[in-house]
Every structure is written in structure tokens, then in C-alpha cells.
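Generate coordinates for the entire structure from the input sequences, incorporating the hints supplied.
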Amino acid sequence: MHWLHTTGRRGRRLAAYAAGDLSGPERARAESALAGCPGCRHEVEAYRLVARALRATPRVSLTAAEAQAFWPEVERRIAAGERPRRLPARPALREMLWDHRRLGLASAAAAAVLVVGLTLGQMSGWLHRGSVPSNGVEVVSVEPGGDAPVMLFQAPGSSLKVIWIFEERPSVWEVIR
Amino acid sequence: MTRSVRPLPGVLSRTSLLTVLLAVAALPAVVSGQAAVPLKVQVIYAANEPGGVDSRLGTLAAELEKTFRYSKYELLDSPQGSAPLNQSWRTSLPGDRSLEITPTAIQDGEYTLSVRVQASSGQALVNTRIKLKAGRSVLVGGPTHQKGVLIIAITAG
Chain A
1 MHWLHTTGRR
11 GRRLAAYAAG
21 DLSGPERARA
31 ESALAGCPGC
41 RHEVEAYRLV
51 ARALRATPRV
61 SLTAAEAQAF
71 WPEVERRIAA
81 GERPRRLPAR
91 PALREMLWDH
101 RRLGLASAAA
111 AAVLVVGLTL
121 GQMSGWLHRG
131 SVPSNGVEVV
141 SVEPGGDAPV
151 MLFQAPGSSL
161 KVIWIFEERP
171 SVWEVIR
Chain B
1 MTRSVRPLPG
11 VLSRTSLLTV
21 LLAVAALPAV
31 VSGQAAVPLK
41 VQVIYAANEP
51 GGVDSRLGTL
61 AAELEKTFRY
71 SKYELLDSPQ
81 GSAPLNQSWR
91 TSLPGDRSLE
101 ITPTAIQDGE
111 YTLSVRVQAS
121 SGQALVNTRI
131 KLKAGRSVLV
141 GGPTHQKGVL
151 IIAITAG
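Chains as they are written, first to last, in this note's numbering: chain A, 1 to 177; chain B, 1 to 157.
No lab work stands behind these hints: they were computed from the structure.
All figures in this text were calculated on a predicted structure; none of them were measured in a lab.
Warning: the hint list may mix true and false statements.
[Unchecked claim] Using C-beta positions, here's what the derived DEER-type ranges look like:
{"#": "1", "chain 1": "A", "residue 1": "P25", "chain 2": "B", "residue 2": "D108", "range": "49 to 55 Å"}
{"#": "2", "chain 1": "B", "residue 1": "T104", "chain 2": "A", "residue 2": "E31", "range": "28 to 34 Å"}
{"#": "3", "chain 1": "B", "residue 1": "E49", "chain 2": "A", "residue 2": "S32", "range": "52 to 58 Å"}
{"#": "4", "chain 1": "A", "residue 1": "R41", "chain 2": "B", "residue 2": "G95", "range": "40 to 46 Å"}
{"#": "5", "chain 1": "A", "residue 1": "Q68", "chain 2": "B", "residue 2": "G52", "range": "15 to 21 Å"}
{"#": "6", "chain 1": "A", "residue 1": "R41", "chain 2": "B", "residue 2": "P38", "range": "46 to 52 Å"}
{"#": "7", "chain 1": "A", "residue 1": "N135", "chain 2": "B", "residue 2": "T104", "range": "17 to 23 Å"}
[As the list claims (entries may be wrong)] Listed below are the simulated EDC-like cross-link pairs for lysine to aspartate or glutamate, each with C-alpha atoms no more than 16 Å apart in a straight line:
{"#": "8", "chain 1": "B", "residue 1": "K147", "chain 2": "A", "residue 2": "E75"}
{"#": "9", "chain 1": "B", "residue 1": "K40", "chain 2": "B", "residue 2": "E65"}
{"#": "10", "chain 1": "B", "residue 1": "K133", "chain 2": "A", "residue 2": "E138"}
Quick reminder that beta carbons are idealized off the backbone N, C-alpha and C, glycines included.
This is the structure:
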């Protein structure tokens, strides 16, 4: 078993490596470990792919009716305890990228991104581009703790940026189809 | 060649000396980054239950209603404080949680803050780094409380 698997926070290290956030010995160590782990290399590629895709993804526009229906629908599903299928609490980002339907919740908000151990530095262009004003607030990075997913969003028509923690609730993945 | 030096008038030299002393006295605080950042937090309980919007929320109420669809927004607490650069300011949140804010930079009227929300177990629910212009707010929400959730508005400056 190599370093990436023994240190914990494997996903975060891979994400940091993909984002170019590792430097010096840590980067060299990661490269050495990656050389012996095809799965890790594949995951790094996925992180890079996600970052590129997020930068390139146009914002989703919502009608007023869609925006109004967004939160009630999320809450209805949480309240109903809908469990369409068990999914890992923290899926690999490649799952998010390659199965776009699971991004239903995120894409429903004008500027939302689900954060799963990934720094936002590489995504800032996506997050602050387009019609949503920066309003003097910039979220530089978000690191979820434990297994609680975190979502960053800004609702249409609002100037507030929101960091939303899904704490001890049915997993967000269970309410996203 | 001989150069004559004309002494400054006594009043001027005393004023100059005082100015220099004051500047020197203030220098260490500036150099060591001890400028304190004023911090304001509003802890809001949001739920779908009767209660309406707490008038103490002021202009934030309208923004909350644009962002969420809860029927009740109640201001539970509004702790305020300040923290020098790279020193943490901490306040407690309902449910034995805590909020820790550490200003890490001030530049061009913009504050960089490291924000950490901790659960009762001590585990961090989220670590985030944000840049806020003076008077602007960012929301951290989602921790469960009673029949709804907590929404924490953080304002710097």
C-alpha cells in the first residue's frame, strides 16, 4: 500500500495534486505514488476533467417559477426521506461528471457547485463568471469536514453567497436523481 | 566651506518630536499586523413553521427570502467582536457547535477570513476561506436546529 492510501484524505490530496496545489516534497511524493497506482492516476484525470468542465459549463438559467420551486422540492424530498438508491456519501468526482443527472440539484441553482473535498481555486472563473454579481464576496475555498457534503450557491435575484452544509440529514446524493 | 545650521524654533521641534514619537508608537501594531477586524455574526433559525420574519434581521430579511423558501426566520443571537490578523475569534452556536473566524489579510478594504464551523464532537463541518468587502455578508447554513436549520450570516468591517 502506498502513501496516498495510507495518509487518509486521499481524495483531497489527489484533488490538490490535480489543481497544482501541492509543492515540493509532497508533490514529488504524490508523483511517485501515482506512478504505482493506475486508479489514482485515473482519478487525478477526473479531477482535472471536472475542473475544466466546470470552467466551460455555461450557467443554467431558471425561470422565476423554477427558482421558486427549487428549495421546496429539495425539502419535500428530504422530509419524505426519499431513498431512491444508496450511493456513497462522497462519490468520486468522476461519478458527478459522468452521470449528469445526479447534478440535478446543483444545476438547478444559478451558481451552485457541490464541494466534495475539492478546493475551489481552480473553479473561481466558473463561480464568478456570468450574470451573478460578485457583490464583494469571494469564496476562495471550501473544505467539507467529515462526510457532510457542502454546496456553494447563489440564488437567482439574491446577492448572497451561501455555503450550505448537509449535516446529519439524508445524504444529498439520496435526494438528487 | 562652512555651513551654518539654523536651529528650528522650539515649538516646531517639540511638535515634530511628538509626531515622530506617536508614529513610532503606532508602528509596531501596523508592522505586526495587529489591526483588529470587526466581525459581526447573525445566527438565524429558519424553518417551515409559523413565525414570520424577525424584524431585527433588517435588510438581510429580504435577501433571505429571495434565497430560501422558509416561512420563519428568527434571529437567535448576534454576537459581535473583533480579531487581530491571524488570531481567531470564536463564538458558540446552538447545539454545542461553534464558529471560529480568523482574519488572515486586509487589502484594499477587503478582508480575507478563514471560517470554521465545528460540530459538538469537535469535528469541523466546514472550513472555508472567504474574501469580504467591508459590510458585505456571506451565509453559512444547513446545521440542523429544532425543526429547521441554522443560517449564519458573517459580516466583516
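Quick rundown of the hints versus the structure:
The supplied range of 49 to 55 Å is broken by P25 (chain A) and D108 (chain B), whose beta-carbon atoms lie about 34 Å from each other. At roughly 30 Å, the beta-carbon separation of T104 (chain B) and E31 (chain A) lies within the given 28 to 34 Å, and the hint holds. The hint said 52 to 58 Å for the Cβ distance between E49 (chain B) and S32 (chain A), and at roughly 56 Å that hint holds. At roughly 42 Å, the beta-carbon separation of R41 (chain A) and G95 (chain B) lies within the given 40 to 46 Å, and the hint holds.
Checked against the given bound of 15 to 21 Å, the beta carbons of Q68 (chain A) and G52 (chain B), roughly 19 Å apart, stay inside it. As the Cβ distance of R41 (chain A) to P38 (chain B) is approximately 47 Å, the hint placing it in 46 to 52 Å holds. The hinted range of 17 to 23 Å is satisfied by N135 (chain A) and T104 (chain B), whose Cβ atoms lie roughly 21 Å apart. With a C-alpha separation of about 12 Å, the suggested pairing of K147 (chain B) with E75 (chain A) holds against the 16 Å cut-off.
Between K40 (chain B) and E65 (chain B) the CA atoms are separated by roughly 21 Å; this puts the pair beyond 16 Å, and the hint is violated. With a CA separation close to 9 Å, the supplied pair K133 (chain B) and E138 (chain A) stays within the 16 Å bound.
Hints 1 and 9, counting from the list given before, are not met by this structure.
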